[in-house]
Amino acid sequence: MASTRRHRYSEGQGFGDPYDGFDLDPPTYRVNGRLVDPADDHALAELVDEAGIDPEAVDPAALVEVGLAYVAIEEYEQAIDSFGRAVAYADEDSPTACEAWVNRGVAHAQLGEYDEAVGAYREALRIDDDGEHAAAAETNLAYALWELGDSSGPLDRAERAVELDPRLPQAWYNRGFFLAERGLHEEAVRCFDAAIALGMRDASVRGERERSAAFLEDAVESETEARESAAAAPERARDAEPEAREADADAADPDVRERGE
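Throughout, the working numbering is defined as the position within the sequence shown, counted from one, plus 3.
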């Protein structure tokens with residue numbers, strides 16, 4: 004037999020008559036579907052009047068988190084927009100603004116926009132060149148400069164990043180990469196080992212380490228062969244001396260001259 008108990012959430016005063024509908028969205032967010040495609044994800048941002056937003060009510064740190072969420076799903080253009088809003092609402096020289104600039108540079112770099120990335124990293128370093136986010140800004144700036152064809156600046160930036168934060172694996176990896184580009188493979192291997200020890204264990208790190216280690220092995224083999232060759236040279240010279248003396252003696256022997264005639 005069905006229960007006669009009424010569900011507690013069914014109790015209440017009910018709706019009025021006539022019923023007035025309601026919506027959770029404020030009137031500002033409502034759009035005219037005949038004029039704007041509701042599927043357009045830019046429609047809302049274009050229709051909301053930012054001039055009417057109270058800056059004190061905006062949380063820039065939350066906007067940074069939104070941007071990071073977009074980066075995680077590879078929506079880099081939306082991430083750039085979120086980080087830009089965070090910069091706009093944060094205090095100009097605050098740590099939040101610095102963090103937003105660094106992450107905006109990362110998003111630009113993912114799109115191959117390295118000029119914009121360099122500008123973002125430099126702005127972050129202008130705000131704070133030795134703070135919490137400085138090491139990330141330096142090592143990412145090194146990468147962006149290298150992508151733009153700079154052959155001298157990246158190593159200096161990567162070394163600066165390691166100085167700022169010796170616990171940052173990406174900084175060690177980038178330093179090793181740029182050292183290897185200059186042929187300094189022994190030091191590069193040490194950098195790659197440091198990056199791996201700090202948790203950066205993806206295939207790219209191991210691949211670069213193996214590449215530098217192979218160069219070192221080839222160099223050791225070449226050096227060993229050169230030393231063996233140099234050590235064997237005096238022995239060959241001593242072995243040839245008796246033959247040379249015999250040849251000189253034959254040249255001085257009259258009988259030999261006669262036979263030659």
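Everything labelled a hint here was simulated from the structure, so no lab data went into it. We put the CB at the ideal spot given by N, CA and C, even for glycine. Hints are supplied without guarantee of correctness; some may be wrong.
[Said to hold, decoys possible] Cβ pair distances, simulated, as ranges:
{"no.": "1", "residue 1": "196", "residue 2": "94", "range": "33 to 43 angstroms"}
{"no.": "2", "residue 1": "133", "residue 2": "213", "range": "19 to 29 angstroms"}
{"no.": "3", "residue 1": "134", "residue 2": "114", "range": "19 to 29 angstroms"}
We went through each hint and held it up to the structure:
Between residue 196 and residue 94 the Cβ separation comes to about 40 angstroms, which falls inside the hinted range of 33 to 43 angstroms. Between residue 133 and residue 213 the Cβ separation comes to about 34 angstroms, which falls outside the hinted range of 19 to 29 angstroms. For residue 134 and residue 114, the hinted distance range of 19 to 29 angstroms is satisfied, since their beta carbons lie about 26 angstroms from each other.
Consistency with the previously given hints fails for number 2 only.
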